[in-house]
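For chain A, the structure is supplied; the task is to place chain B on it using the hints.
Just so you know, the sequences run in chain order A and B. Note that the numbering used here has the first sequence beginning at 1, numbered continuously upward. Note that the numbering used here has the second sequence beginning at 1, numbered continuously upward.
Hints were generated in silico from the structure; no laboratory data involved. Take the hints with a grain of salt, since some may be wrong.
To be verified - Only pairs whose alpha carbons sit at most 20 Å apart, straight line, appear in this in silico EDC-like list of lysine to aspartate or glutamate: (1) K40(B) <-> D270(A); (2) K40(B) <-> D45(A); (3) K40(B) <-> D40(A).
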Amino acid sequence: MTQPDRSPGRSIFGSLVLIAAVIGGGAAAFAYTAGWLSPDRLTPDRLVNAFAPPTGVSLGHRRNHAKGICFTGTFEANGAGSALSRAEVFARGQYPALGRFNLGTADANAPDATVRVRGMGLRIWTPAGQEWRTAMINAPVFAVSTPQAFYALLLTAKSKDPDALKAFAAAHPEFAGFAAWTTSGPWTGSYAEERYNSLNSFVFTDSAGAEKTVRWSLLPTVQPIPVSPEELAKRGPDVLEQEITERVGRGPVSWSMVVTVANPGDPTNDPTKAWPEGRRTVEVGTLIVQRIEAERNGPCRDINFDPTVLPPGMGTSDDPFPAARSAAYAVSYDRRTAEASDYPRTAAGAKP
Amino acid sequence: MIEDRQRFTALQRLLHWLMAVCILTMLFIGVGMVSTIMPKYLTLVSIHKPLGIAILILALVRLVVRLRYGAPSLPADLPEPMKLAAVLSHYALYILMIAMPLLGWAMLSAAAYPVVLFTGVNLPAILPHSDRLHTLLWDAHFYLAFAFFALILLHIAAALFHALVRRDGVFEAMAPVPTRTVAPADRKVAPAG
Chain A
1 MTQPDRSPGR SIFGSLVLIA AVIGGGAAAF AYTAGWLSPD RLTPDRLVNA
51 FAPPTGVSLG HRRNHAKGIC FTGTFEANGA GSALSRAEVF ARGQYPALGR
101 FNLGTADANA PDATVRVRGM GLRIWTPAGQ EWRTAMINAP VFAVSTPQAF
151 YALLLTAKSK DPDALKAFAA AHPEFAGFAA WTTSGPWTGS YAEERYNSLN
201 SFVFTDSAGA EKTVRWSLLP TVQPIPVSPE ELAKRGPDVL EQEITERVGR
251 GPVSWSMVVT VANPGDPTND PTKAWPEGRR TVEVGTLIVQ RIEAERNGPC
301 RDINFDPTVL PPGMGTSDDP FPAARSAAYA VSYDRRTAEA SDYPRTAAGA
351 KP
Chain B
1 MIEDRQRFTA LQRLLHWLMA VCILTMLFIG VGMVSTIMPK YLTLVSIHKP
51 LGIAILILAL VRLVVRLRYG APSLPADLPE PMKLAAVLSH YALYILMIAM
101 PLLGWAMLSA AAYPVVLFTG VNLPAILPHS DRLHTLLWDA HFYLAFAFFA
151 LILLHIAAAL FHALVRRDGV FEAMAPVPTR TVAPADRKVA PAG
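Chain A on its own, in the form it takes in the complex (with noise of 0.2 Å):
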């Protein structure tokens, strides 16, 4: 072998360790960012184990909101919506729309009167390809402040401790307004009755280019009914995905959208903080549920209602949820695509 360039004083042993050393540290940075060696980061797949209940995940099923049934029907815009966003899904028209109602519950079997929150994942697209996704619930405020006090609130809400939400609640002042919603606010027998609220900020650009950080709600067009959820109870396990699919049966059933703007200063990043009351709002539409069907086979099924896809003309704002909830729905999807041998789908054309 004739290298002559080879210069003697360097030794070999010397290279071998500074090769071992620039691959050993390159091994290392790879691991640090993938999060191995830090066991306390908060990372999706940790925010999604805690949701697992004692009983086991509902493999096949999304890891909250388990339970639920999809709808298909029509977003009409009646053009408002314009003035606070460019997206395309606010100039007057009507568009495609797909969604699912579902109960805040890891269990796809728990009976409908145990599950307090209520919720509506929906998907509006336009012509173009622009396309909309929020998931919303009925409660008027969120639970926690942040992602890393909702991990704390899971792991308490599995705590054999019986004063462990107690505990959670002293040291998390703004949980009250949502615990007081659980107790004292008002339930009822149908998804129909229900306002679903997308709590998280998210920012509106015009056309023109301003930008304003709104929330937005789905206010119901018909009258709530209150019902105890004693009474509830007797109407049966499935009684909410029962109703829902008898009503719209009967006609189509459609909810107000209502989108509310802050004002500077108002809490845009604390989803427990309801917004004053006299804010500007403005409804830019209806929406309009056409046709229910199981989600076993039914189009809601694979969707993942990611409250991070917007279209142009929407983003997120400082509310650190929507990229939380993206991680952990992105996590949450992969794990039950994956397990859909356990939630067979039913041969084409027979009933679920």
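Relative to the frame of chain A, chain B by itself:
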């Protein structure tokens, strides 16, 4: 006709080092973004997608350039197993550079996510919505990313071994600027493996 050079062409070296930066950034962003729920998650995801497409385009350009200009021959005295490893690892690197972005794009398509490159610029779906396909592609994209990083570490180790231990001109062939001249007479060449 591919003439025998001692160094890769300037275009090849430019593509190599540009892609080295892109791919390492991409792999770190990839493992970093799936390990956080902080707002930077969205920022990282929004870089991951256009950067992946940029790598795909660069890789295709590079493949064409490589087919056109070839590569300098490996040293004649390089042991056969190392030659084989060099050839196979470079095939694997090219395959991964092209496959990883396509797998990511296909995975998002199979999940019916909009494939957003930039605000208002979406790529079309390249596969139908399917939970089975999504799972297959997700697994491939995820596990191949680690294989890719391991292969890059091996590649770096081999490059440094050529540069520091063997000093056989292989590293200099791809060095961004000439670091050391290897006189043609000193360098025994064999036909490229």
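Structure-based check of each hint:
no.	hint	result
1	K40(B) <-> D270(A)	holds, 18 Å
2	K40(B) <-> D45(A)	holds, 16 Å
3	K40(B) <-> D40(A)	holds, 18 Å
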